[in-house]
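If you read the sequences in order, they're chains A, B and C.
In terms of the numbering used here, the first sequence has 128 at position 128, counting the first letter as 1, and numbering is strictly consecutive.
Quick note: to get the numbering used here, add 1000 to the position in the second sequence (first position is 1).
Quick note: to get the numbering used here, add 2000 to the position in the third sequence (first position is 1).
Any given hint could turn out to be false.
Said to hold, decoys possible - Taking beta-carbon pairs under 7 Å as the criterion, some of the chain A residues facing chain B (in silico):
no.: 1; residue: Phe35
no.: 2; residue: Met61
no.: 3; residue: Leu63
no.: 4; residue: Leu89
no.: 5; residue: Gly101
no.: 6; residue: Thr113
no.: 7; residue: Ser114
no.: 8; residue: Asn116
no.: 9; residue: Val128
no.: 10; residue: Arg130
no.: 11; residue: Leu133
no.: 12; residue: Arg141
no.: 13; residue: Arg143
no.: 14; residue: Leu331
Said to hold, decoys possible - In silico lysine-lysine, BS3-like type, Cα no more than 27 Å apart, as pairs:
no.: 15; chain 1: B; residue 1: Lys1059; chain 2: A; residue 2: Lys92
no.: 16; chain 1: C; residue 1: Lys2172; chain 2: B; residue 2: Lys1119
no.: 17; chain 1: B; residue 1: Lys1119; chain 2: A; residue 2: Lys69
no.: 18; chain 1: A; residue 1: Lys69; chain 2: A; residue 2: Lys92
no.: 19; chain 1: B; residue 1: Lys1119; chain 2: B; residue 2: Lys1210
no.: 20; chain 1: A; residue 1: Lys92; chain 2: B; residue 2: Lys1060
Bear in mind the hints are in silico, worked out from the structure with no lab data behind them.
For each residue, glycine too, the CB sits at the ideal point set by N, CA and C.
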Amino acid sequence: MSVAHSDEPLIEVEDLRTYFHSEAGIAKAVDGISFAVRRKKTLGVVGESGCGKSVTARSIMRLIRPPGKIESGSIRYRRGEETLELAGLDPKGRTLREIRGAEIAMIFQEPMTSLNPVFTIGEQITEVIRLHLGAGRGEARRRAIDMLNAVAIPSPHQRIDDYPHQLSGGMRQRAMIAMALSCHPSLLIADEPTTALDVTIQAQVIRLMRDLQREFEAAIIFITHDLGVVAGIADEVMVMYLGEIVERAPVRDLFRDPKHPYTQGLMTSIPSLNGARKQRLPVIEGNVPSPFDLPRGCRFHPRCAHASELCRERAPLLLEAAPEHHVACHLQDPELA
Amino acid sequence: MVPAGLLLVTFLFGLFHFIPGDPALLLAGDNASAEVVEGIRRAYGFDQPLPVQYWTYMKKVLQGDLGVSNFSREPVTALILPRIFNTAQLAFWSMGFAMVVSLILGCCSAMFWNTWIDKLITGIALLGICTPVFVSGLFGIFLFSVKLGLLPTGGLDSWRSFVLPVVTLGAFQAAVLTRMVRASMVEALGQDYIETARAKGLAETAVVFKHALRNAMLPIVTLFGLGFGATLGGSVVTETIFTWPGLGRTMVESILSRDLPVTQGALLLFAFMFIGINLVVDLLYAAIDPRIRFDAP
Amino acid sequence: MSIVSRFKRDRVGLVSACALVGLYLVALTAPWLAPYDAGETSLREVFRPPSAEHLLGTDQFGRDVLSRVIVATRVTAKITGVAVLLAVVLGTCGGMYVGYVGGRLESLVMRLTDMLLIFPTIMLAIVIVTIAGPSEGGVIVALGLSQVPKFIRLARGVTLSAREALFVEAAKAVGAGRWHILRRHIWPSISSPIIVQATLSLPILVLSASGLSFLGLGVQPPTPEWGAMLNESKDFLRTSPYLLAGPGLCLFVFVLASNLVGDALQDALSPRASSEG
Ligand SMILES: Nc1ncnc2c1ncn2[C@@H]1O[C@H](COP(=O)(O)OP(=O)(O)OP(=O)(O)O)[C@@H](O)[C@H]1O
Ligand SMILES: [Mg+2]
Chain A
1 MSVAHSDEPL
11 IEVEDLRTYF
21 HSEAGIAKAV
31 DGISFAVRRK
41 KTLGVVGESG
51 CGKSVTARSI
61 MRLIRPPGKI
71 ESGSIRYRRG
81 EETLELAGLD
91 PKGRTLREIR
101 GAEIAMIFQE
111 PMTSLNPVFT
121 IGEQITEVIR
131 LHLGAGRGEA
141 RRRAIDMLNA
151 VAIPSPHQRI
161 DDYPHQLSGG
171 MRQRAMIAMA
181 LSCHPSLLIA
191 DEPTTALDVT
201 IQAQVIRLMR
211 DLQREFEAAI
221 IFITHDLGVV
231 AGIADEVMVM
241 YLGEIVERAP
251 VRDLFRDPKH
261 PYTQGLMTSI
271 PSLNGARKQR
281 LPVIEGNVPS
291 PFDLPRGCRF
301 HPRCAHASEL
311 CRERAPLLLE
321 AAPEHHVACH
331 LQDPELA
Chain B
1001 MVPAGLLLVT
1011 FLFGLFHFIP
1021 GDPALLLAGD
1031 NASAEVVEGI
1041 RRAYGFDQPL
1051 PVQYWTYMKK
1061 VLQGDLGVSN
1071 FSREPVTALI
1081 LPRIFNTAQL
1091 AFWSMGFAMV
1101 VSLILGCCSA
1111 MFWNTWIDKL
1121 ITGIALLGIC
1131 TPVFVSGLFG
1141 IFLFSVKLGL
1151 LPTGGLDSWR
1161 SFVLPVVTLG
1171 AFQAAVLTRM
1181 VRASMVEALG
1191 QDYIETARAK
1201 GLAETAVVFK
1211 HALRNAMLPI
1221 VTLFGLGFGA
1231 TLGGSVVTET
1241 IFTWPGLGRT
1251 MVESILSRDL
1261 PVTQGALLLF
1271 AFMFIGINLV
1281 VDLLYAAIDP
1291 RIRFDAP
Chain C
2001 MSIVSRFKRD
2011 RVGLVSACAL
2021 VGLYLVALTA
2031 PWLAPYDAGE
2041 TSLREVFRPP
2051 SAEHLLGTDQ
2061 FGRDVLSRVI
2071 VATRVTAKIT
2081 GVAVLLAVVL
2091 GTCGGMYVGY
2101 VGGRLESLVM
2111 RLTDMLLIFP
2121 TIMLAIVIVT
2131 IAGPSEGGVI
2141 VALGLSQVPK
2151 FIRLARGVTL
2161 SAREALFVEA
2171 AKAVGAGRWH
2181 ILRRHIWPSI
2191 SSPIIVQATL
2201 SLPILVLSAS
2211 GLSFLGLGVQ
2221 PPTPEWGAML
2231 NESKDFLRTS
2241 PYLLAGPGLC
2251 LFVFVLASNL
2261 VGDALQDALS
2271 PRASSEG
């Protein structure tokens, strides 16, 4: 599928809000975020646990189910010449089903539980191929073996008939990737595809995804805890905190000059490249507040060393502080600083 | 299976000796003469030491000899064998009814989780598990036999005799199982791989009936096995309501008339049916769960 | 006590708990509540349909059905109450003990309970009644024993996990005795699941008790019992169907209330399930 206007974004999210309603109140898991991704580009999404990364991904796939709901915002998806509003589609409808798995595919966070334990990986991969490409049994199987080969699973002819429990964690994640890529999606959403893997396999999987991206000209939204991983794969990075974007910039700019105190905090806590990588993001003072009870003003102020009276009172807007470099912080606002 | 069987036979042998009083006197009945009692004592070997009696009893059971009824003097085996078939028929159809109904209602309930459909189904199921078989059965007789004259009040003559007993017994099990099927399906539908299936672009029916149900079948098979056992247990009451010529009614009558050899025989057969069902469930479970199939040594 | 407060927020649970308490109050005060003597026969007043005088009518011996139903509440409450207590005491002590000492005794007992659990309650009860003889005492023992395996499993499970806990290690290090540890350190974590299981067993026992009586293997006439009354009414369905109503409805309400209380207690104990509701 070749695209006429290759500089137009493939996916454009604007002011997306996804809330979860429960007895305890409303959890604003994603609260007004905007971003766009072009073909062949990778957007990295980072942030601490619970900041809304997975909810963002599932909102794009329209996989949010009650008590969750997309409250407002638009998700525009460029499909050939037309532009589809995903947020307006019926979540069980035909159009969305044609897009899911075929044009927008997702790799889930937990390789251990995201594959169905009672079907072989072959059955699970051929299912999606037959569904979207209308391939016959033999054709689908051949294609599935090709995909397993592409994700570097040894002896795919035998592995294809294995059940998930017979594979190691790394193998399962590769099978997931093979499944997600088997219909050559134009957008791949990878939700922490490497968190559960050990370092060497992590590097292999990332290299694999980059190769496949080049081959299929896909756009990738790559979600991770790990700034080190983001540096290796992303073109642009978006840092989230409590459902909001606090900083969005091209990867080089972000690493050279992180502007938001939260991003700076994350940077200082990157483990060295050779060191133990398993460690989760953290080490910024204080705890993440509950999404039910968000702080007034800037959501980061209770943990911010530079917080002023203004930060406690008014929420900062996401503004362009340098070319292409957006940040939501009063300290960076030229009018106020 | 074999140790369970041995244990059972031992237990049933013990039944004679657990019961307070002289077993010969029990067997002979209340108004038997002293000679008759003595005769029975000798015939049954109650004058022998226990281990010898045990050995004799075991040998007889293994040969299919379960003794003779105190009243009709018929061999117990001949007495109860035709009854087993009737009980099996009742249990089989009731359980079939219960499985079909509970699968449909349970899946519907889980699919429309927390909507009015779900609430309606759970409500009906709750009422069902609170209505004992002998209340719904008697009410059914009153309505369909006495008032409307559509169905016979009892016995086993034609297919019409089946309707009330099967539906009464089946409906109670269906209510119990619907709740359980729903719980298993809700659990399965909450798993990560369901999200994966939806993300693939599968239709909701494929997600529910292929991906979720196939996983929920693992607990459901166990539940159906237990349900089959419970249905057999419930058949005892159902047979009494509808004067069904089955093993359960025979057993109850034999207990009431203190016809111990018949009681023993009926209990033995019931017990073997429960163990058999359990065995089938284990085998089925292994057949549908790949984790067991492959990890088995 | 967050369990209590969570339970209080569950309106259905609260109402059914009140209904259950009400039934037990009826059971306690039955002799005073009953408008007539439940055993008094009157050949001139047989098969009277419901009227202002006899709200639920009279039976084949001219006895007042309402009075019999009320007195039967007492019989059922007593049988099931004592049976549950028996099962709880035997099962919990047994389960805690084998769970704590472990070893061959434990595996033997667990094998046995596994085997017993494949038999339905009513079957186990029938076997025990065969031995103990059909009577009130026989039913109590039969029903109590039939539930023991469940409590053994439950108590053993909790004991096993509690045994590994730190405070038990500490108590052992100090040299506390086996029974002291069981009572002081393991019992507290066992009590709430046991209470839930006991409540969940109650409807099963009510159904089984009246089932046994319906079969003639339970409480013997002339003692009024719902199942036995239903069995007697069976022969008069054609002429006096109203005999079904009283005992049938009471059974239904008792079972419904105890089921709902059991569900509510279970929800209150596991917050995850309750937030889904
Ligand atoms: N099913 C749900 N019900 C209620 N709240 C939810 C649900 N799913 C997500 N949330 C809320 O959304 C917030 C964001 O969750 P999300 O899964 O997006 O975090 P995340 O950034 O992916 O974290 P992690 O790195 O741990 O995966 C959570 O804090 C939670 O409060
Ligand atoms: Mg996540």
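We went through each hint and held it up to the structure:
1. Phe35: Violated. Min distance 20 Å.
2. Met61: 6 Å, holds
3. Leu63: Result: holds, 6 Å to nearest chain B Cβ.
4. Leu89: 13 Å, violated
5. Gly101: OK, holds: Gly101/A within 7 Å of chain B, min 4 Å.
6. Thr113: It holds, given that the least Cβ distance between Thr113/A and chain B is near 4 Å, below 7 Å.
7. Ser114: 5 Å, holds
8. Asn116: 4 Å, holds
9. Val128: 5 Å, holds
10. Arg130: For Arg130/A, the interface hint is violated, since the closest Cβ of chain B sits about 11 Å away, which is over 7 Å.
11. Leu133: At 11 Å from the nearest chain B Cβ, Leu133/A fails the 7 Å test, so the hint is violated.
12. Arg141: Violated, because the Cβ-Cβ distance from Arg141/A to chain B comes to roughly 17 Å (cut-off 7 Å).
13. Arg143: 15 Å, violated
14. Leu331: Hint on Leu331/A: violated, closest Cβ of chain B at ~39 Å, above 7 Å.
15. Lys1059/B x Lys92/A: At roughly 66 Å apart (the allowed maximum being 27 Å), Lys92/A and Lys1059/B break the hint.
16. Lys2172/C x Lys1119/B: 50 Å, violated
17. Lys1119/B x Lys69/A: Roughly 22 Å between the alpha carbons, so the hint for Lys1119/B and Lys69/A holds.
18. Lys69/A x Lys92/A: Given pair Lys69/A, Lys92/A holds - Cα atoms ~14 Å apart, limit 27 Å.
19. Lys1119/B x Lys1210/B: Holds - the C-alpha atoms of Lys1210/B and Lys1119/B are around 24 Å apart, at most 27 Å.
20. Lys92/A x Lys1060/B: Violated, because 65 Å separates the two Cα atoms, which is more than 27 Å.
When the structure is compared with the earlier hints, violations turn up for hints 1, 4, 10, 11, 12, 13, 14, 15, 16, 20 and for no others.
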